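Peer 1: The chain contents come next:
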Amino acid sequence: MQHKDVFIILADDDEDDRLFFEDAFEELKIDTKVSTFKDGLELMNYLTQEDSILPNILFLDLNMPKKSGIECLTEIKKINRLKDIAIAIYSTSASEEDIENTFVLGANVYIKKPNDFKKLKKVLSNVVTINWQYHTSGLNKDNFLLRL
Amino acid sequence: MGGLAYKHLQTLIKSFDLVEHTYEVNIELEQILSYLKDSETGQRGYLISKDTRFLESFFSGREKTNNSFARLKELTKKDERQQQKLRDLTVLIDKNLNYFDETFKYSKNDNLDSKEFDALLLAGKKTMDNIRLEINQMINHNNNLLRIRKLDNERSITNTPIIIYSVLIIALLLLLFTYSKINNDIKNLQTKNLQLEIFKESTNQSEIVSKHGTWNWFIEENKFSYSDNLYRLLGEQPQSFEPTIENFMQFVHPEDVDKLKKQVEKMMEKQDLPFIYYRIVQKNGSIRHFKAYGKVLTDNEENRRLIGTTADITDEIENYRLLEERNLELERNNKELSSFNHVASHDLQEPLRKIQTFISRLEDKESENLSERGNLYLERIKTSSTRMRLLIDDLLQFSRTNKSEEILEETNMNIILENAKQELAETILEKNAIITSDTIPTLTVIPFQLQQLFINLIGNSLKYSKKEVAPNIRISYEKVDAKNVKKIKKKKFNFYHKITFEDNGIGFDEEYAEKIFVLFSRLHNKNEYSGTGIGLSICKKIVDNHQGFIFAIGKPNIGSIFEVYLPFN
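Protein chains in written order, with my numbering: chain A, 1 to 148; chain B, 1 to 569.
It should be emphasised that the hints constitute simulated quantities derived from the structure, not laboratory data. Computed from a predicted structure; not experimentally measured. Only true hints are included.
With a straight-line cut-off of 20 Å between C-alpha atoms, the simulated SDA-like cross-links for lysine to any residue are:
1) B:K125 - B:D88
2) B:K223 - B:N303
3) A:K119 - B:E423
4) A:K112 - B:P351
5) A:K118 - B:K382
6) B:K492 - B:P567
7) A:K29 - B:R361
8) A:K118 - B:E366
9) B:K126 - B:D101
10) B:K291 - B:I313
11) A:K77 - A:L105
12) A:K119 - B:M388
13) B:K354 - A:D116
Footprint (simulated), chain B over chain A, 3 or more residues, beta carbon under 8 Å:
14) 14-20
15) 106-117
Just the calculated beta-carbon pair ranges, DEER-fashion:
16) B:E379 - A:K77: 41 to 49 Å
17) B:S367 - A:T129: 22 to 30 Å
18) A:T74 - B:E379: 42 to 50 Å
19) B:S521 - A:E26: 43 to 51 Å
The beta-carbon is built from N, C-alpha and C at its ideal position, and this holds for glycine as well.
With the rest of the complex left out, here is chain A:
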């Protein structure tokens, strides 16, 4: 792995979504390395290893077996080594309740899974090229949900 590559992790139990996600980054031609985990437990097992390479951006699905996205988010924010990872919520629904909860818990952006591959590519490209420092400092509930 080259040092300048953006390291991205996706935790999503849905096989199709993982496929779309990897395909999208493949087509985007951005220097990225994508790792996927099929549930929250697997993700946390990886992240909590002392020598694990931490991602630049972590995409977190909310509805997952064994350990939900919300649980992962809560744990990550409690662990010093992990708490600064940029976290993008990546979910099918965009209910007010979920948006509110994840915002309060410290997620950086909320993405509603698009139903068009072109849109998916656009969203992911946007997220990866965001200047996170700038985005986070001006973060509020209104711009938390990424709109296209």
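Given the structure of chain A, go ahead and fit chain B onto it with the hints provided.
Peer 2: This is chain B only, laid out in the frame that chain A set:
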């Protein structure tokens, strides 16, 4: 009054008595004088003739004089002056009689020519003169008294008819007054009686209507009285059995007897008690629920009475149970609905999203490998899945407007309008739509719902615009008096905010003005216009949530007008 008349008559009688008394005294005095004269005559006769027969009249005169004197003394015992005179007279009479006796001595000795005898006779005559004088004085005095008393008496007599007459008149007046008073009282009593009668009857009726009965317990005598309706509540004829506690307890549900007995005991001790609830069993076996309240009243003579009211609340309980059942059912339905929402939002969306993504993948990557027909099929699948997405989104929105717990807030409607326009910016731009609006005042509404309402109404105008004409949407505001709006049937408020959305779109036939608000009702083929038939139902629901009204007015090929009325408060 009688006392006055009696007193007057007493005075009259007294004055008669006094007059009579004065006469008696006068007569007595005259008699004394005449008896004395008789004695004197007797003495003289004897002295001249020595005939002892004259002595008889002398002695009888003397005796009579004494008798008369005694009577006179008795008669005048109240008159000090007459008594004094009488004492003087006694002295004089004694003296005179003495002289008589002396003269007799001389006559016995035949010494009638002596100087001493002459002197005696003379002295006798003098005393006799003095007596006469004295008696005359007494008679005069008495006559004076008599005159005064007669005058008094006459006055009394003249006053008597006037007094008696006035007493009579006054008595008559009193009688009249008393009569009218009694008459009045009787009338009052009759009115009061009538009122009581009315009150009693209306109490009876109200007992029947509201299914309650009353009872009294005279604690000291241990006697009861039940109102007619209490019997009816027990399923019995009014007053068909003796009202006792034992008889009543026979009706009480066996499980509630102890409870009721304890509560009644408590009633005797405490002033205010909560209601008592118990059941009774009527003779036909039906169980009724009763609710009772009682209070002890103590009268002036320390007699205690427990006054109570009992109501049959079986219907209430039945209704309450039904209501509770329905509430539970509603709750269940709501739960099902919200779980349906969840299914719709998550589980349905997910496969659909994937279908759509795969379609877009196929379109991008594989379209050149498909035949023309294959590409057509792919296009049809895409259209259908898009429509399915639209339906799911709209349904979710519709169910979200269900929420009754949304809180009303003071909302700047101009910001809401701006947000709505923002939401529709893409279509507005695409169709070159012009939207103008009045300034709308701040309203107390559910902001999220009003925004949805604006989006749906403006979106509707944009969607059903004429193909060749740019949409022109005019939003106007005015405050209206409910009296002037005939369309509003059940006016809950006096004034309404009226927001009108007017467009130059394709309009619709007036006959559909109401139908378009019905869920899933569509006026156009879905190939022409991409509606789901949910948007306007959402509008109607939002306006209903705000206790408002929405009306549609359509003119085919000219445009549509949507009027929203929201309560002004």
